[in-house]
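Participant: Listed here are the chains, written in short residue letters.
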Amino acid sequence: MSEPKPTREPVEVWITGIGIATSLGEGLDAHWEALNDKRINVDEQRFAPYVVHPWAPIKLDAQIPKKGDQRQMEAWQRIGTYAAGLALDSAGVKGNQEILGRMDMIIAAGGGERDVPVDLAILQAYLKTNASPAFLNERLMNDLRPTLFLAQLSNLLAGNIAIVHGVSGSSRTFMGEEAASVDAARIALARITSGQSDIALIGAAHNGERTDLLILYEFDDFNLKEKFAPVWARTDNSGFALGSAGAFLVIESRKHAEARGAKPYARLTKVVSDRAQRKQPGEVTRTLEGLWSKLGPPADNGALITGATGIEPVTSEERAFLRQHPGYAVRSTGTLFGHTLETQFPLGLALAALSISREKLFPPNDPTGLEVEMSGPPSQIVVVGAGHWRGEGMALVEPIK
Amino acid sequence: MAASHDQFGRPVVVVTGMGIVTSLGAGKQDNWAKLTAGESGIRTISRFPIDGLKTTMAGTVDFVSVDPPSSTALTEKLGDMAAEEALAQSGIGSKGDFPGPLFLAVAPVEVEWPQRIEVGRAVGKTDFSVDDVLRISGGGKYAHYHHRFMFGSVAGYLAEKFGTKGSPISLSTACASGATAIQLGVEAIRRGETDAALCVATDGSVNIEALVRFSLLSALSTQNDTPQAASKPFSKNRDGFVMAEGAGALVLESYQAAVARGATILGIVAGCGELTDSFHRTRSSPDGKPIIGCVRNVLADAGMTPEQIDYINAHGTATPENDKMEYLSISAVFGDLTPKIPVSSNKSMVGHTISAAGAVEAIFSLLTLEHQRIPPTINYELPDPAILFDVVPNKARDARVTAVMSNSFGFGGQNASLVLTREPA
Chain A
1 MSEPKPTREP
11 VEVWITGIGI
21 ATSLGEGLDA
31 HWEALNDKRI
41 NVDEQRFAPY
51 VVHPWAPIKL
61 DAQIPKKGDQ
71 RQMEAWQRIG
81 TYAAGLALDS
91 AGVKGNQEIL
101 GRMDMIIAAG
111 GGERDVPVDL
121 AILQAYLKTN
131 ASPAFLNERL
141 MNDLRPTLFL
151 AQLSNLLAGN
161 IAIVHGVSGS
171 SRTFMGEEAA
181 SVDAARIALA
191 RITSGQSDIA
201 LIGAAHNGER
211 TDLLILYEFD
221 DFNLKEKFAP
231 VWARTDNSGF
241 ALGSAGAFLV
251 IESRKHAEAR
261 GAKPYARLTK
271 VVSDRAQRKQ
281 PGEVTRTLEG
291 LWSKLGPPAD
301 NGALITGATG
311 IEPVTSEERA
321 FLRQHPGYAV
331 RSTGTLFGHT
341 LETQFPLGLA
351 LAALSISREK
361 LFPPNDPTGL
371 EVEMSGPPSQ
381 IVVVGAGHWR
391 GEGMALVEPI
401 K
Chain B
1 MAASHDQFGR
11 PVVVVTGMGI
21 VTSLGAGKQD
31 NWAKLTAGES
41 GIRTISRFPI
51 DGLKTTMAGT
61 VDFVSVDPPS
71 STALTEKLGD
81 MAAEEALAQS
91 GIGSKGDFPG
101 PLFLAVAPVE
111 VEWPQRIEVG
121 RAVGKTDFSV
131 DDVLRISGGG
141 KYAHYHHRFM
151 FGSVAGYLAE
161 KFGTKGSPIS
171 LSTACASGAT
181 AIQLGVEAIR
191 RGETDAALCV
201 ATDGSVNIEA
211 LVRFSLLSAL
221 STQNDTPQAA
231 SKPFSKNRDG
241 FVMAEGAGAL
251 VLESYQAAVA
261 RGATILGIVA
271 GCGELTDSFH
281 RTRSSPDGKP
291 IIGCVRNVLA
301 DAGMTPEQID
311 YINAHGTATP
321 ENDKMEYLSI
331 SAVFGDLTPK
341 IPVSSNKSMV
351 GHTISAAGAV
361 EAIFSLLTLE
371 HQRIPPTINY
381 ELPDPAILFD
391 VVPNKARDAR
401 VTAVMSNSFG
411 FGGQNASLVL
421 TREPA
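First to last, the protein sequences are chains A and B.
With this note's numbering, letter number 163 in the first sequence gets 163, and the count goes up by one each step, no holes.
With this note's numbering, letter number 69 in the second sequence gets 69, and the count goes up by one each step, no holes.
Keep in mind that the hints were calculated from the coordinates and are not lab data.
A portion of the hints provided could be inaccurate.
To spell it out: a stretch of chain B is covered by chain A in this simulated footprint if at least three of its residues, at any positions, have a beta carbon under 8 Å from a beta carbon of chain A; those stretches are [what the hints assert, rightly or not]:
id	region
1	74 to 83
2	103 to 112
3	130 to 136
4	204 to 212
Computed from the model, here is a short list of chain B residues facing chain A with C-beta under 8 Å [as the list claims (entries may be wrong)]:
id	residue
5	His-146
6	Arg-191
7	Thr-276
By construction, the Cβ of each residue, glycine as well, lies at the ideal position given by its N, Cα and C atoms.
Full structure from sequences and hints, please.
Facilitator: Here it is, written out as C-alpha cells:
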C-alpha cells in the first residue's frame, strides 16, 4: 500500500453515505420527517425511574438477512450492523466487492450487553452460599453462553460488519466513550486527505436499553430520572437519558466519489479533538474554544449540532462556549435521541450532512430559547461533542462547492 | 547518513525507546535474558481459586499488584511501567511532557465480579432484583467504579501522567491491537501530523471471567499439569493458547527529529500492513487469502521483497487453527524460501498477552535486531509434520538479522503485520 509523496494538494473528502437507525426510526426520510414534526421517542416507564429513548422497531432482515448472523449478535451489534448496511446502501457501494475489499473501517465501540439475568442469578447464589471459592468458577463455566463473549467484544461490531456486509480493507475499533468516535472520524479523514486511503466507513452503535449500563452510570449519578426534559432544561435535574442508535457514514475522496458517479451529501472538511483534564472550572469551555479556532473562521449563517449530554457541570461549560458564538443556530441531539455515548458524534455528523443536503436546518426543540429558528440553507454546520466524563471534539461539515 | 524519507517519499519512522513487562519480568534486560534462555513465564494461577476450571494456568504478572485489584487497574499499571522504561530510554521531551499523541492498545473494559459482588452485598437481602441493585448504586459511594470502568480510563491516566498531546486513542483489534497501536503512530508521523508518538499496548486481564470466556470458546490449552510446557506453537500436540499479561511501549519518532536531537535509534518501523478477514467471527478464511494479503501488504508498504526478510516473529498462538493457517499463508507468500527463514513464537514462553502481544513481540523483534540473536520456540518436541517452519526449536540462535516481520492475527478477522529493520547503514 504505497502512499503518494506528501507534497501534493490535500484531498477534499465527501460524505457520500449516511445510515441512521435510532429511536425515531430508520433512514433519512423518516428522520427528516420526525425532526420537522419535532417528534421525540422517550420511555419513562420501562426502566422507571430512569428515562430512555428506545430503538424504533425495524425488520432486521432487510440489512442482516441471515438469522444465524442475527443470533450471533447482541442488540448493540445488530443496531450497528443494520445502520452500517444503510450507510453502504446510501453510498451505493453495497455488494460492490471491489470497493468493500479495500474500504477502511474505523468503528467506535464500547462493550456489549451482559446477560443480566444470568449475572443476577450467579450473584444471588454466590452471596447465599457465602462465597465458596469454587462456586463462582463453576457457575461461570456452566451458565455463560460460549458465544456471548463474541457479542460483547468491542471489535466484534466491526467483525460483524465485515462478515455481513463484506467491508474488509482495514478494521480498527476505537474505544473510550464519546471521544472514540470523534477520533475515528478524525483518523479516517486524515487517512483520506493524506492519500493513505480513498474511502472509509465510520460510525458507532449503542443500545441504551440495558440495566448493566444504567448501573454503571448510576455509580456517579449520571442517569436522568423521573421525567424527560430537553438537555438545556436539566440544570435542576441534570443527567442523560440513555438512547439506542446506530449512526454510520461513508466518506471518500472527491476524486474517488466522482470516478464512480457517487452523489455527495456534504463535505467533511475538518475533525479536531482534545481532552481537557476537567480539574478546574472553565476547562471545557476553553478547550471547546480552542477546537473552534482550529476549525477556521466561522461563516455567516452557520449552524451547530451538539451532543451535549445534560450532565453538569459540562453542559453549563458548553453553554458558556455557545454564548460566545451567538450567531450560530444550535440543535441538540441529546434532546432528540437521548445520549448514545460513542454514537452521538456520528449521529451529529449524519444530521449535519442531511441538513446540508436538504439545504435547511431542522427546527429547534427547546423551551429555554437557546435553540432558535434558522432560515435559509446553512453555509456550514459545526458538530460538537463534549463527553459526559472526558473528551471533546468538533467537526466542520459544509456544502459541496 | 541514511535518507530521512523512504522510497515512497514518506518520513522514515524510527524507534527511540522501548519498555516491556511480561510474566518473565519487568524491563528489556530481564525479559531478553530469560527469553533467549528459553524460560517460560507460565505457571499455575494463584490470583484466584482455580477449582472447577478447565484451564488453570496463565502467564500472570504476579510481581506487580494493584489495590484495589481489577484487571483494568493492573492493565493501567503495566502500561505505566512499560511507558516509563520507554521514555527513560528515549530521553524525549521532559517529565510529564511528551511531544506527541498516545495510541493505546487495551482490552475492552467492564465492571468485574469483585465489584459486582460488593454492590450486590450492599443491597442487604438475599433475594433481590436488578432494580434493587440500581437503587443502591447511586449517591456517589461507587463513583470511583464509574471512573475506573470507562473504556478511556487507562488512556486518560497515561495521557495525563506522561503529558501526551491531544486526544489519546484507545483501540482494540483483538489480538492484533498492539500492532495496530504502532501502525497508528507510524501513520501519524508519515502524515507529518507529529514528529513523535507514544504507542503502548497493555493487558492485565487474567481474571476469572476472562479465562472462562476463552475456555468456553475452546481456545485455551488444558495441559495444566506442566504449565511451563503448555504453550506448544507449531507442535503436533499443541492444544490452544495460554492467556498472559504484559505490556509493551514504544517511542516512535521521525528519523529527522530523532537525529536532530541526537537520539539513539533502536530500529525502524519500515512497514505496516493489515487486511480484514470477513469469513467468520473466530476462524480464518480457509483459503488464507486475508492473511496472505496482509503479509503482502506489509511487504509492499515497506517496499521489500520476501528475500529481504531474515526472521519472522510469528503470531504462533499454539491453537491448532492459527498455526496451521499461519504456515499456509506464510508459505504462500514466501514460497521456496519458507523452510529457510527462521520463524519463532515468543508465546511459547510468555504466553499470549492478547491486546499487548503485537507491541511485546515488536519489541522482541527489535531486540533480535539489536542482539543478532533469535529467541527460540520452546516446548517443541513433537513437530507438526504439516508445518515445515524452521521454528528455532528450543534454543536461541545467533544469526545475521537485518529485517524482521512480526505478525498478529485476532478474533473478528483482524490481521496486522509489521516489518522492523535496523538503522540503515
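Participant: Now tell me, hint by hint, if it's right for this structure.
Facilitator: So, going through the hints one by one against the coordinates:
1. Given a C-beta distance limit of less than 8 Å, the hint that chain A covers the region 74 to 83 of chain B is violated, as 0 residues qualify and 3 are needed.
2. Check on the region 103 to 112 of chain B: 5 of its residues sit with their Cβ under 8 Å from a Cβ of chain A, so the three-residue criterion for coverage holds.
3. Note: the region 130 to 136 of chain B has 3 residues with beta-carbon separation from chain A under 8 Å; the three-residue rule is met and the coverage holds.
4. Evaluation of the coverage hint for the region 204 to 212 of chain B: fulfilled, as 3 residues show C-beta separations to chain A shorter than 8 Å, against a requirement of three.
5. Restraint check, His-146 (chain B) versus chain A: the minimum CB separation of about 4 Å is within 8 Å; hint holds.
6. For Arg-191 (chain B), the interface hint holds, since its Cβ comes within 8 Å of a Cβ in chain A; the closest pair sits about 5 Å apart.
7. Annotation: interface hint on Thr-276 (chain B) holds; nearest CB of chain A at approximately 4 Å, less than 8 Å.
Violated hint: 1 only; the structure is consistent with all others.
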